[in-house]
Every structure is written in structure tokens, then in C-alpha cells.
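Participant: For the record, the sequence lines run as chains A and B.
Per this note's numbering: the first sequence = residues 505 to 736.
Per this note's numbering: the second sequence = residues 8 to 411.
Worth flagging that the hints you see were computed from the coordinates, not collected in a lab.
Accuracy of the hints is not assured; some may be wrong.
[What the hints assert, rightly or not] Covered by chain B, per the in silico footprint, the following chain A stretches (three or more residues, Cβ under 8 Å):
id : region
1  : 510-516
2  : 526-540
3  : 560-568
4  : 613-624
5  : 627-641
6  : 676-685
[Claimed, not checked] Quick list of simulated restraints, FRET-style, between CB atoms:
id : chain 1 : residue 1 : chain 2 : residue 2 : range
7  : A       : PRO542    : B       : ALA175    : 53 to 63 Å
8  : A       : ALA539    : B       : GLN323    : 31 to 41 Å
9  : B       : ARG285    : A       : ALA539    : 50 to 60 Å
10 : B       : GLY397    : A       : GLY515    : 37 to 47 Å
11 : B       : ASP350    : A       : ALA536    : 23 to 33 Å
12 : A       : ASP543    : B       : MET8      : 44 to 54 Å
13 : A       : ASP529    : B       : LEU233    : 37 to 47 Å
Backbone N, C-alpha and C define an ideal beta-carbon position, used for all residues, glycine too.
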Amino acid sequence: MAIITPTRTTGARSVPVNMTEVPPDVTMPLEALQAMAPDAGLNAAFLSDMLSSFLAHEQCGVHLYRTVAGSTANPMLEAKYRAFLADTERHVEILMRLISQLGGDPQYVSPTARLVHAMNTHLLQGVVLANGSADELPREMAMLEAVMLAETKDHADWSFLASLRDGLPEGPTREAVTKAVEEVEPEEDEHLGWAQKTWQRMNTMQVTSSTMMKVTDFAEKAFATVKSAVTP
Amino acid sequence: MFNPLEHQGMAVDDQLRSWRELNVEPYDKLSIHPYSRSRIILMNGIEVESILFSHQFARHTDNPEVRQKLALSRRIEAQQQKAINWLSPGDETPLETTIGYEQVAIDLTAWLARNEPDPYIKQTFEFGLLEDFDHLYRYANLYELIDGQRAETLTQDLTEIMPGRPTAVEHRNPLDDLRRHYDRHTVDPLSRLHVLTLVAGEQQTMNYYMNHGPDFMEPVARGLYLEIAEIEEQHVTQYESLMDPLESWFEQLVHHEYNECYLYHSFMDEETDDRLRRLWELHLDMELGQLRVACEMLREHNGIEPEEILPPQLPQPTKFQENKEYIRGVLASQIDLRADGLDFVPVDDLGAKHRSLEYMQRVNEGGVPTEEVIDRARNDGGEYRRELLGEHPVESLRASASAA
Chain A
505 MAIITPTRTT
515 GARSVPVNMT
525 EVPPDVTMPL
535 EALQAMAPDA
545 GLNAAFLSDM
555 LSSFLAHEQC
565 GVHLYRTVAG
575 STANPMLEAK
585 YRAFLADTER
595 HVEILMRLIS
605 QLGGDPQYVS
615 PTARLVHAMN
625 THLLQGVVLA
635 NGSADELPRE
645 MAMLEAVMLA
655 ETKDHADWSF
665 LASLRDGLPE
675 GPTREAVTKA
685 VEEVEPEEDE
695 HLGWAQKTWQ
705 RMNTMQVTSS
715 TMMKVTDFAE
725 KAFATVKSAV
735 TP
Chain B
8 MFNPLEHQGM
18 AVDDQLRSWR
28 ELNVEPYDKL
38 SIHPYSRSRI
48 ILMNGIEVES
58 ILFSHQFARH
68 TDNPEVRQKL
78 ALSRRIEAQQ
88 QKAINWLSPG
98 DETPLETTIG
108 YEQVAIDLTA
118 WLARNEPDPY
128 IKQTFEFGLL
138 EDFDHLYRYA
148 NLYELIDGQR
158 AETLTQDLTE
168 IMPGRPTAVE
178 HRNPLDDLRR
188 HYDRHTVDPL
198 SRLHVLTLVA
208 GEQQTMNYYM
218 NHGPDFMEPV
228 ARGLYLEIAE
238 IEEQHVTQYE
248 SLMDPLESWF
258 EQLVHHEYNE
268 CYLYHSFMDE
278 ETDDRLRRLW
288 ELHLDMELGQ
298 LRVACEMLRE
308 HNGIEPEEIL
318 PPQLPQPTKF
328 QENKEYIRGV
338 LASQIDLRAD
348 GLDFVPVDDL
358 GAKHRSLEYM
368 QRVNEGGVPT
378 EEVIDRARND
388 GGEYRRELLG
398 EHPVESLRAS
408 ASAA
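Okay, chain A solo, but in the shape it has when bound:
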């Protein structure tokens, strides 16, 4: 089962770095981090750290999609967000499986993963906490932009894994990475492509629509116009 929010209760482990304190019983031993993907000839500790951060980004993606799906006033956007939420939950499972197959612990939250969590938290909080500064349409655009930014990073993560796979020797690691990439990468292409296209279309509609240029009934008409620009 996918773990969306790793905590002590779920069995999360980490390493103390700089300002962080991690109790000894949940500290991930360095040897365990160095044991990942022994057949691949890679910097195993770095790989452990990086895959943990990729997983963190997918987990934060679930938080993001849950939030925007529940907040949008546009039924078509909501439907898309919910579909991508389901995809992203599956991506979490696939990444957890991959980490396990490579000999890692999917409950490991690396220092880089903490930073990824922090960046995602602030991205989402930016959308939510400044919500009173704008009307409905800019709020929709902000949520969509958050999705586009998150999907950009997500796409980069999986593209990187695909290119890493290309350089791996034949063996269990290459097989596991290949399977995960094949399952996920097409969906990441779809997510990012949709987010970019929808963002462009909604902006185009607003900047060129004659309805939008009129001051009267601006908000309602503008929103109705842009709603129609979104395709499921």
C-alpha cells in the first residue's frame, strides 16, 4: 500500500544532518544506503538519497492533487485533477516498489527529500494562503500553475531515470528501473503536456476574449468563458 505521508507511525527513517535530530532507533545506517543497487556500479548513497527525494515529490503530488481537486470550481479541471491524483498515487506505489527492488527502504526520508517536501509545502501554501488576494479565476490559474510546476519537476525526475536506465549494465537494477519508467513516463508526459496546454489555453482565452475585455459582469463571464476552454 502506498505511504503518502511517511511518519514515525508508518516506519519512516532518516539521517541526522546539520540541524536535524534523528533518534538512533530510526536512523538509517550509512551501510544500508551504500548497499543500494549493487549490480549497477553507481554511487549508491547518492542514489538512495535521490530516489527518496523523487518519492517525496510524488507523495507531495498526491497532497497537491487532493487539494486542488477539492478546491477548484471547475468540474472539468476537477475531473482531470482526480484522474491525475489516481495516477500519482500509483506512481508512489511504483517508486516504493522500485526502491525496495533495488535493496533500499521506501520509508527512508533523505535530507534531499526533506527539502523537496519543504519546497512543495511552500508551493501549496502559497496558493492557499494568498487565496484572498485574487478572484476566482486567478485562483484557478494559480492552482493550475502549481500543478504545472510540480509536473515539470516530476517529468524531469522520470526523464532522468529513463536516461540513467539507458546507461545501466544488464541486470536486476536495469530491469527494475526499466519497468518503472515504462509504467510511469508516458503518464508524466501526459500530465505535463496537459498542464502546459491547459495553462496556455486558459491564458489565451483571457487575453483574447472579447467578453473578457468588457468590464461589466467581468468575473462571471470571464470564468464561464475560460471554463469552456478547458477540455477534460
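Given the coordinates of chain A, assemble chain B onto it according to the supplied hints.
Facilitator: Coordinates of chain B only, in the frame set by chain A:
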């Protein structure tokens, strides 16, 4: 087994009380159990923290729905704080209240340290414990000096009164008051509750001293409050730095509300005063309703299910109880520890030019009020101590050693 998430609690809209309900009958300062007073003092601090946190949160958002929900819950928290703090009687002097505050600081910190699962956080608690322990001794001497009263009438000998790490050497460079923080992903839920509780308690103590110090006419009292108020600021700096700053505002709000549920639930079970037990019960019901609102916001605005970040049941309760032997053990083994950056080291490991020694020399030049109060007491019939389990465990801090 109690899981706050399984209880609806009182709806926040139903929680408003009248002035008549809030203007409660004060307790009798001579007959109240010291630990009932301790619970009142602590929960006042907990409610103050909840109000201040909510204000800070509100200043970081213009989301109208979030602001409205915060404002509504905050007004109720403010009423809860009044209902608790107005239990304090008018005939309890600020100095008597102060002795109550220090008894809280000692027996709360000792309990938390004894039950703290994280070794580093436990060490931090024990380090602070010896400093608050010393404060009670200094204030108790002031109490006898200016009021002619003995502090054991208030503490009822549940807590020993004797020197801890001398306040004069507690003054540190601010860089040596910072600590490493727990990680939101790996922290034991009990550790988070412990830290939240202690931050609120020490913050209230800091606020109380910084505001009540000038109430006194006597220069020795004014000086004593001034000096110890500064240490309490150090303690707030220390304990708050243990908290993971990467938790979102919504997560922090949920943890605040959860901690209030945890403490009211803890105290409801152990309270010996029927009237207070009913108050803790009522406030638990209210907090459950406030927690529900906080959880809804977490779910809606952070996409996080509260069950994902909260434990499946409340951890073991926090209790006020005697900790004499435990404290003696900490005194004997840790009296010479000092803070060096994020860590604790033996005093002999600090170089002569260590920044905290220079800081200490700077603030102590020209006299140290916490020493002056003891000197005055010795010249006025002898210093006050309540060493109930025998002589002081640290030879250099025994009365005979001090007199020599």
C-alpha cells in the same frame, strides 16, 4: 485508549461562554493541591500559546475562510485562557504565583525528561531542568526575605528546594541556546507533544517574569526577576529550536490542537479537585471540536488526512508527580554540563575565551542579583532550603560548602 479523531467534541459555534461563566470562583491558595495549581498554570500557558500561534498564523494568510476559522477558534481559546487563569486568587501574590510557576517548571520538565524517548531531547530537557530547579531556590529565598514566608507552604514539600546549576552561570551566548530539531517524519509523537508543552510553559514563564518583575519595590526582587526572566527567554529559544520548522501552518495548527486534547485528557484523569476535573473535561470537549476544524483545514488546504500525521491513539498521559530522586540523579551527574553550540559538554571542555563565558562575564559584571538574594538571606538569618532526601547530591552546593 483514546483517539481524539474518533470524537466529534463540542461544535465550535456552541462554545461561547458568558462573562458570568468565565469569571470563575478562584481557588483557595492555602488548600489547593500544589499539582492542581500546577495544572492551572500549565494550561494557562498552553492556551496563551494557542492564542499567540493562531495570531501568527492569521498574519500569514489572507484566505478569508482560513482567517474566519482561526478567528472563531482563537476567540474560544481566549475564553478558555480566562476561565483557567481567573482561577488564580487575588490574594496570591506575584511572588507566590512565581513559586508555583517554578514548581511547574521543575516537575513538568522532570516528568517529560523521564518519559522522553529521544535521547537528545531528553538531554536538552535535563539541561534546562537543573536551571529551573535553581530558580525555585532563589525565589524561595526572596519569599522568606521580603515576605517572611516559607515556600514549602506552597510547594507542600512535593518538590525539594535547593541550588541547581547556579543561575549566575546559566547565562549563555544566544548561539549556545540553539538546538538541533526533530524531523517531522521520524519524530516520536510523544516527543512532539513534549516539546510543544514545554515551549508553551516556558514562554508563559518568560512572559510572566518580564511583565511582573517591575511590580516590586525592592531592588533585590526587581533584579532577581530581571535576571531569571532572561534565562526563561534562553529556555524558550532552546525548546522552540527543537521543533521542525518545515511543518506547514496547517500541520502546526493540528498539532497544537491535538496537544491541548492530550493535556486536558491527561489532567482530567489525574485531577483530584472535582471542580477542576469538570473544567478539564469541558475544555477537552471544546478542544475536540477545535481539533476537528483544524483537521478539516489540513485536509482541505494541505491534502493531508489527519490520520496520516497523528498517532492512532493518545500517547501515555503527562502527569504531575514527585521527581525528587530523579532530579537528584540529574544534579549529581550533570551539574557541570554547559552548552556549546548545539551540544552539551563538561564545563572544563570550554576554552577560557569561549563566547558564552565572555557573555556571562559581561552580564554578570557589577553584581549578580541571583547571588545577592542568597547573600542577603544568609545575612538575614540564613538561606532557605528544603533538602528532604538528605544533603545536596553535589558537594560544592551543600550549605556548609557555600557558607565556607
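Participant: Run every hint past the structure and note whether it holds.
Facilitator: Verification of the supplied hints:
{"no.": "1", "hint": "510-516", "in the structure": "holds (count 5)"}
{"no.": "2", "hint": "526-540", "in the structure": "holds (count 4)"}
{"no.": "3", "hint": "560-568", "in the structure": "holds (count 3)"}
{"no.": "4", "hint": "613-624", "in the structure": "holds (count 4)"}
{"no.": "5", "hint": "627-641", "in the structure": "holds (count 8)"}
{"no.": "6", "hint": "676-685", "in the structure": "violated (count 0)"}
{"no.": "7", "hint": "PRO542/A / ALA175/B: 53 to 63 Å", "in the structure": "holds, 58 Å"}
{"no.": "8", "hint": "ALA539/A / GLN323/B: 31 to 41 Å", "in the structure": "holds, 36 Å"}
{"no.": "9", "hint": "ARG285/B / ALA539/A: 50 to 60 Å", "in the structure": "holds, 58 Å"}
{"no.": "10", "hint": "GLY397/B / GLY515/A: 37 to 47 Å", "in the structure": "holds, 46 Å"}
{"no.": "11", "hint": "ASP350/B / ALA536/A: 23 to 33 Å", "in the structure": "holds, 26 Å"}
{"no.": "12", "hint": "ASP543/A / MET8/B: 44 to 54 Å", "in the structure": "holds, 47 Å"}
{"no.": "13", "hint": "ASP529/A / LEU233/B: 37 to 47 Å", "in the structure": "holds, 43 Å"}
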